[in-house]
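Novice: Okay, here's what each chain looks like letter by letter:
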Amino acid sequence: MKTYHAYTKSGAEISYTDKKRWFWLLSSFFPLQALIGIYFHHITDNQLWLLLPFIIIYILAPLIDYILKEDVSNPPDEISLALDADRYYRALTYLAVPIHTLSLLVVAWWIGTQNLDWWAYLGLSIIAGIVSGLGINTGHELGHKRTNLEKNLAKFVLAIPFYGHFTIDHNQGHHRDVATPDDASSSRMGENFYQFLYREIPSAVTRSFQIETQRLSRRNQNFFCLNNQILQSYAISIALQGSIVIIFGLEMLPFLVIHNAFAWFQLSSANYIEHYGLLRLKEKSGHYERCKPHHSWNSNHIFSNLVFFHLQRHSDHHTHPTRRYQSLKHYEDLPSLPNGYLGCYLIAYLPWLWFYIMDKRLLQLNHIKGDLTKINIHPQKKIFLLDKYRHNEYQEAQESC
Amino acid sequence: MLKHQCPECSYIYDAKIGDQFEGYPPGRLFSDLPDDFTCPDCAVRFKIDFIEVSSA
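Order-wise, the sequence lines are chains A and B. Counting from 55, one number per residue, gives the positions in the first sequence under this note's numbering. Counting from 1350, one number per residue, gives the positions in the second sequence under this note's numbering.
Just chain A, same shape as in the assembly:
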C-alpha cells in the first residue's frame, strides 16, 4: 500500500495511506455486471440470469451501504496535491471507458444473436442503460478535468448513451446555477422525480447548445462546425450505435432507444437527489451567494461511493469542482442522504415516500431550520407546502424570538 509523505506548515512530517486505494477498482469494473448475467445465461440457458444486475444494483448495493454505514475519513490537506498527482487514480477513470464500450458491444451482440423472450430483451436493454448511466458518471469525472486526454475520453464515454452535451451543460450550466430556481438540474421541494425528469432532460440539451453556440460565436464559428464539442461526441454516438444497427440489424433499434433512455434516466435520478430543495440565497448585489457545501446533499456511504468514483461526496465536489475523486472530502454538518445513491433512487421513484423522508430532513437542516424562504420550492406546490409547514415548530420558535 502506497504511503504519501508531506510536511505541515509548522514543519512536522505527516504520512497518509489511502486505505481505499485498491477498492477504487470497483468504479472501473462495476459496469461489467451485465456481462456476468450473460455468462450465467450462457452456462445455464436460463434467461432469468440476465436480470441479475437488478438484484446487484437495487438490492445488494443499498443493503451493503446500510450494513457498512458511512466513511467520514479525509486525506490530510497537505497530502491532497500528491494524491491528485498520483496517476494510478486517473488511470482507473481511463480504464472505465473501454470497459463501458465493451459492455455495450457485448450486450448488443448477445441481444442481436440470441433468441430472447421479450421480457429478457427488455430487462437486458434497461440494464445496459443503467450501466451506461454509470458511464455518464465516468464522463462526469473526466469532463471536469483540464487535460485534453480526459476531456476527449469524456466525449467518448458520454457518446455511448448519446449524451455528449452533458459536460458543457453540467460544467458551465449546472455548476454555475446549482441550487437556484434557474437550474433545471436542481430539483425543487415538492417536485416529484417524474416532473423533474420532464424538466431536466430537454433543458440539458437546450442549455448546452446555448452555451456552446456562445463560445463558437466568440470564435466567429457557426454551431455546425468541427470544433463543436457536442457534435463531436454525437458523431461518435452515431458511428458506434450505427455500427451496431448495421452489424446486427434494425431489430437493435428498440434496444438502443431503451438503452439510451435508461442511461439518461439514471443520470436524472442522481441529479434529482443531489440538490433537492436546497437554495443559494441572493445577496444584496442581486447575485446568488457562492455554492457552499450545504447546497448539496451528501452521502458518505462507502460501497456506493466506491462504485461511483466518490460522486456522492457531492458537497465538496460542488465547492471544488475540479478536485479529483480520490481527494474529495467529508465535512461536518452537511445535508445527508439516508442511503447511498442507489438506495435513494428507489426512494425517489416513489414520490410519496421521498417527500415523507426528505421534506422532514430538508426542513430540519441547520441552515434552514424550517424557514421555507430558504428552500427552493416547486412553484406549483408552493401554496400547499406553505400551508402544510407554515406553523412548524422551528418557525414558531423563530416568531417567538
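Keep in mind that the hints are not guaranteed to be accurate.
Unchecked claim - For the chain A half of the interface with chain B, some residues (derived, Cβ under 8 Å), not all of them:
id	residue
1	Q226
2	H229
3	R230
4	R272
5	R273
6	C345
7	K346
8	H348
9	H374
10	P375
11	T376
As the list claims (entries may be wrong) - If you only want the chain B side, here are some residues facing chain A, beta carbon under 8 Å, derived:
id	residue
12	C1358
13	D1363
14	I1366
15	G1367
16	T1387
17	D1390
18	C1391
Keep in mind the hints are simulated off the structure, nothing from the lab. In this text the structure is predicted, and so the values were computed from the model without any measurement. Note that the Cβ used here is the ideal one computed from N, Cα and C, for glycine as well.
Once you've looked at the hints, dock chain B against the given chain A.
Specialist: Same frame as chain A, but now just chain B:
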C-alpha cells in the same frame, strides 16, 4: 499585459495569449472580457472574483 487567476481552481487568464478555445484572442485584456465571464475550468468563480497575479 496582465494575468488574472481564478481563486478556486488556479486557471490563469493571460491577456498576452488570451484563451483561443474560449474565443478570446491574444491581446484581449481581462477588463475587456464580457461581464458574465465565468471561469472556463471550474465555472464557480466569475470575473469579479479573479485576482490579478502579475504584470509583464
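Novice: Is the interface hint satisfied for P375 of chain A? The criterion is a beta-carbon contact with chain B at less than 8 Å.
Specialist: holds (5 Å)
Novice: Does Q226 of chain A meet its interface restraint, that is, does its C-beta lie within less than 8 Å of any C-beta in chain B?
Specialist: holds (5 Å)
Novice: Holds or violated: is there a CB of chain A closer than 8 Å to the CB of C1391 of chain B?
Specialist: holds (5 Å)
Novice: Regarding the hint that H374 of chain A lies at the interface with chain B, is the smallest CB-CB distance below 8 Å?
Specialist: holds (7 Å)
Novice: Quick one, is the R230 of chain A hint okay against chain B at 8 Å, beta carbons?
Specialist: The hint holds - R230 of chain A has a Cβ within 8 Å of chain B, the shortest such distance being about 5 Å.
Novice: With 8 Å as the cut and Cβ atoms as the points, is G1367 of chain B at the interface with chain A?
Specialist: violated (11 Å)
Novice: Less than 8 Å between beta-carbons is the criterion; does R273 of chain A satisfy it with respect to chain B?
Specialist: It holds, given that the least Cβ distance between R273 of chain A and chain B is near 4 Å, below 8 Å.
Novice: Taking the least C-beta to C-beta distance, is K346 of chain A closer than 8 Å to chain B?
Specialist: Check failed: Cβ of K346 of chain A comes no nearer than 11 Å to chain B, outside 8 Å.
Novice: A closest beta-carbon separation below 8 Å is what the hint needs, so does H229 of chain A meet it against chain B?
Specialist: holds (5 Å)
Novice: Any CB of chain B closer than 8 Å to the CB of H348 of chain A?
Specialist: violated (15 Å)
Novice: Should the interface hint for I1366 of chain B be scored as holding, given a Cβ-Cβ cut-off of 8 Å against chain A?
Specialist: Violated. Min distance 15 Å.
Novice: May I ask you to test the interface hint for D1363 of chain B with respect to chain A, counting a Cβ-Cβ separation under 8 Å as satisfied?
Specialist: Not OK, violated: D1363 of chain B not within 8 Å of chain A, min 15 Å.
In this structure, the earlier hints numbered 7, 8, 13, 14, 15 are contradicted, and the remaining ones agree with it.
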